[in-house]
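For the record, the sequence lines run as chains A and B. Heads up: the first sequence is residues 1 to 320, going by the working numbering. Heads up: the second sequence is residues 321 to 739, going by the working numbering.
Each hint should be verified, as a subset may be incorrect.
Unchecked claim - Derived DEER-like restraints, expressed as beta-carbon distance ranges:
(1) A/26 / B/355: 48 to 54 Å
(2) A/117 / B/424: 47 to 53 Å
(3) A/261 / B/392: 53 to 59 Å
(4) A/250 / B/420: 31 to 37 Å
(5) B/422 / A/158: 55 to 61 Å
(6) A/33 / B/389: 25 to 31 Å
(7) A/147 / B/373: 36 to 42 Å
(8) B/424 / A/147: 21 to 27 Å
(9) B/341 / A/106: 40 to 46 Å
(10) B/361 / A/106: 30 to 36 Å
(11) B/464 / A/225: 41 to 47 Å
(12) A/29 / B/594: 49 to 55 Å
(13) A/25 / B/420: 54 to 60 Å
Stated by the list, open to error - Where chain A lies over chain B, by a calculated footprint (3+ residues, C-beta under 8 Å):
(14) 540-549
(15) 621-630
What the hints assert, rightly or not - As a list, the in silico DSSO-like pairs of lysine-lysine whose alpha-carbon atoms are at most 30 Å apart:
(16) B/656 / A/35
(17) A/78 / B/525
(18) A/35 / B/525
(19) B/350 / B/656
(20) B/656 / B/525
(21) B/687 / B/656
(22) A/50 / A/35
(23) A/76 / A/258
(24) A/35 / B/698
(25) A/76 / B/698
(26) B/698 / B/656
Since the hints were derived computationally from the structure, they do not count as laboratory data. Glycine included, C-beta positions come from ideal geometry on N, C-alpha and C.
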Amino acid sequence: MSDLAQTSQATKAPFISLAKPFSPEDEVALREALKRCSPSTFEAAVQFRKTGNPEHLPAVVIGVVERYVEPELRVKLKDAADDLRMIEDLGIDSLTMMEIVILVEDVLHMTINNEELRNLRTVGDVKAFIDCKVRGLPLPKPTKFLPIEHIATVMPIQPPFLFINEASVSSVGASGKYKISGQEFFLQGHFKDNPVMPASIMLEALGQLAVLYLLEGLVPEPGKQVSSSMIYFTGCEGVRAHRICKPGDILSLSIKPKRMKMPLATFEGTIRVGQEKAVIAEEITLTFGFIDAVVPPVEAAPVEVVSNTSTPVASAPKAS
Amino acid sequence: MPRAYITGLGFITSIGNDSRAVEQSLRDLKHGFELYPHFDKPDIPCKVVGTVKGFNTESTDQEDWTYPEVYSFKRELLRTMAPHGLYAHCALIQAIKDAQLTDADVSNESTGLYTASGGSPFLTHHFHSRLQAVGVMRCSPFGIVSSIVGTLNFNLVAAFKIKGASCGFSSACASSAHAIGFAYDEITLGRQKRMFVVGAEDGNKDAILPFAGMRTLSLQTDPSLASRPFDAARDGFVGTGGSTVLVIESEDEVMRRGVTPYCEVLGWGQASDGYNVAISHPEGAGLEKAMRNALQATQLSSDAVDYINAHATSTLIGDVSEVKAIKAVFNQPNIKPLVSSTKALTGHGLSLAGAMESAFSALAIQKGFTPGSAHISKVDPACEGIALLKKTENTAPNIVMKNASGFGGANVSLLFKKV
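Chain A extracted, bound-state conformation:
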């Protein structure tokens, strides 16, 4: 399950059991362990240790990461964007990652294995990972970088209606790129002597990325997998186009899950070209369903059109 799915699930479950009350000695040890972290990090850790409430975890984790990041790079953490990469963006090597983990273990009283460590590539990965550990939930999938060959293999949507060239997917969201080649068949008519990427297609591209997230990023229930033939578009809200996109532009797509409630998955999505905002969708909602996991996993089956309500995403196979 994604961390969001887990949030809804965890609210029903009690917080982690507190083995013993938080003593003044514990507080002294905690203050010493976090002496180079911000006061708010210490406060969040105290609250977590006293209550076991996971809502304090992100502040603890970000505070610990910040302490190990060189001062000049710390400003990046102010926005605490989940897609910040630990190595590339924050300059954290594997040894420093170990320091972070040991301090987190010490502060949160948990144990993290070496294999688990290797999968933590982004700040979001770390936060989601710690969250799941504390709640005793299945661990999220690590960020995966998917080339076009892989995308085409798993997606029910195929060229010439596939608008993702490459993507990376984690449990907290997905990002991808699509270069407008100018060879897209619909540009011949959209518009006459003036090829412009249709806004509806850009929305479609975001929807496709959300499909990829459901197939590759979501941690399903044990023994289940998301069926690629059961994902369809149901609706969208707050869609705005800000920029005309033309052949040669590289669309940077990103989606994040907002709500997961079977059978609906709602995402927010944005498209940028360089630093410029191109499209924003406040909500894109898909339906999805689970089937029994098959081992070894078979290739994605073609999607059958089963509903008249199906719109761009689900109609993809028809177009191909």
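With chain A's structure known, arrange chain B on it following the hints.
Frame of chain A; chain B shown alone:
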């Protein structure tokens, strides 16, 4: 035979944190001892240490450390260091600047680095205590690389991007003298053009206090009387830490770079006592042989040596053994090289000693003085018969012999020559 020269020095020592301060202390016979706060306890019999000034490495958390403002360290460098790693890094910076080496001169396949230290009992103790208290998986990932013997080369080779030979030496108090000897070999065998030799020790409570159990530390409470090699009233050595770095280069490199060396490294010899794990041979047999081997290797006769910087640590047995060995080698009429022990000023630097005192010798040769043996008020009758130099002379020795002896009866004798 290719030749090797000392072209750069760096010091973080109890008697000074740069060559100018060290030279002044050696000329003025100014010692570096203090009453050590950690020893101010009724159950600790020894009180005096040759302290490193200007640094505070008391904490097991490297980010708490303080050091002179001329140096700056990023956390990622500090986090794997023992206290002596910090001293050595600073001394190496000095030595590189002193030798006028460029980054390219430092990092290439023809430049290596040999080190000597006893590791960091201080950090080892800390990490093992933590291992016991919180379990192995909550221990620092840097516990090993910051504390074991070898921590010096791990850290310095990585920090200075050393590409040539690198190795640590472990023959106790002969370690860094061994390192100089083998660095000389690397250069004269044509394997390397340049070698850094680094000696360093923490010199703190954990490094020094265990020697009290061997009854080898001075129990004197007066810092100006505690270390007095060859004196009748000596009662053991005084511990010290810090670091010294020497840059040793081939003749070709000295010519190519157009630098003026401190002195030439003529050669060296070594021999072992084969006698006792911790006590020096009563007649100094191994050290005598090491000195003879050094003379033979350099084809010098014993009358060529002007000055011996002795190993003499101010222990009862060791000083006498060395005097006997010196008398055995230099026993002809009128052949009496001047002898002094600069440990009277610095204390005993253990693995650091050989490098530190070789660097003192190089400094003396170039700056034109011969350091005296301080704090002698009455020469031990058993130490008579050698030319003990009690005050620093303002003349440079032409040829210096530097002795070093370590546990297990390891003995090294190095020879340096004025250029």
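Hint-by-hint comparison with the structure:
1. A/26 / B/355: 48 to 54 Å: Since residue 26 of chain A and residue 355 of chain B have Cβ atoms about 39 Å apart, the given range 48 to 54 Å is violated.
2. A/117 / B/424: 47 to 53 Å: 37 Å, violated
3. A/261 / B/392: 53 to 59 Å: 54 Å, holds
4. A/250 / B/420: 31 to 37 Å: Violated: the Cβ-Cβ distance is about 51 Å, outside 31 to 37 Å.
5. B/422 / A/158: 55 to 61 Å: 59 Å, holds
6. A/33 / B/389: 25 to 31 Å: At roughly 29 Å between Cβ atoms, residue 389 of chain B and residue 33 of chain A fall inside 25 to 31 Å, so the hint holds.
7. A/147 / B/373: 36 to 42 Å: 60 Å, violated
8. B/424 / A/147: 21 to 27 Å: 40 Å, violated
9. B/341 / A/106: 40 to 46 Å: For residue 106 of chain A against residue 341 of chain B, whose Cβ atoms are near 42 Å apart, the range 40 to 46 Å holds.
10. B/361 / A/106: 30 to 36 Å: 31 Å, holds
11. B/464 / A/225: 41 to 47 Å: With a Cβ separation near 43 Å, residue 464 of chain B and residue 225 of chain A satisfy 41 to 47 Å, so the hint holds.
12. A/29 / B/594: 49 to 55 Å: 52 Å, holds
13. A/25 / B/420: 54 to 60 Å: Given a distance of about 56 Å, which is inside 54 to 60 Å, the answer is holds.
14. 540-549: Coverage by chain A is violated here, the residue count being 0 at a Cβ distance below 8 Å.
15. 621-630: Not satisfied, violated; 0 residues make the cut.
16. B/656 / A/35: Violated: residue 656 of chain B and residue 35 of chain A sit about 61 Å apart, past 30 Å.
17. A/78 / B/525: With Cα atoms ~43 Å apart, residue 78 of chain A and residue 525 of chain B exceed 30 Å; violated.
18. A/35 / B/525: 26 Å, holds
19. B/350 / B/656: 26 Å, holds
20. B/656 / B/525: Judged against 30 Å, a Cα distance of about 39 Å means the pair is violated.
21. B/687 / B/656: Within the cut-off at roughly 23 Å; holds.
22. A/50 / A/35: It holds: about 19 Å lies between the C-alpha atoms, which stays within 30 Å.
23. A/76 / A/258: With Cα atoms ~23 Å apart, residue 76 of chain A and residue 258 of chain A stay inside 30 Å; holds.
24. A/35 / B/698: 55 Å, violated
25. A/76 / B/698: 69 Å, violated
26. B/698 / B/656: Status holds; Cα separation ~20 Å.
Hint compliance for this structure: hints 1, 2, 4, 7, 8, 14, 15, 16, 17, 20, 24 and 25 are broken, all remaining hints hold.
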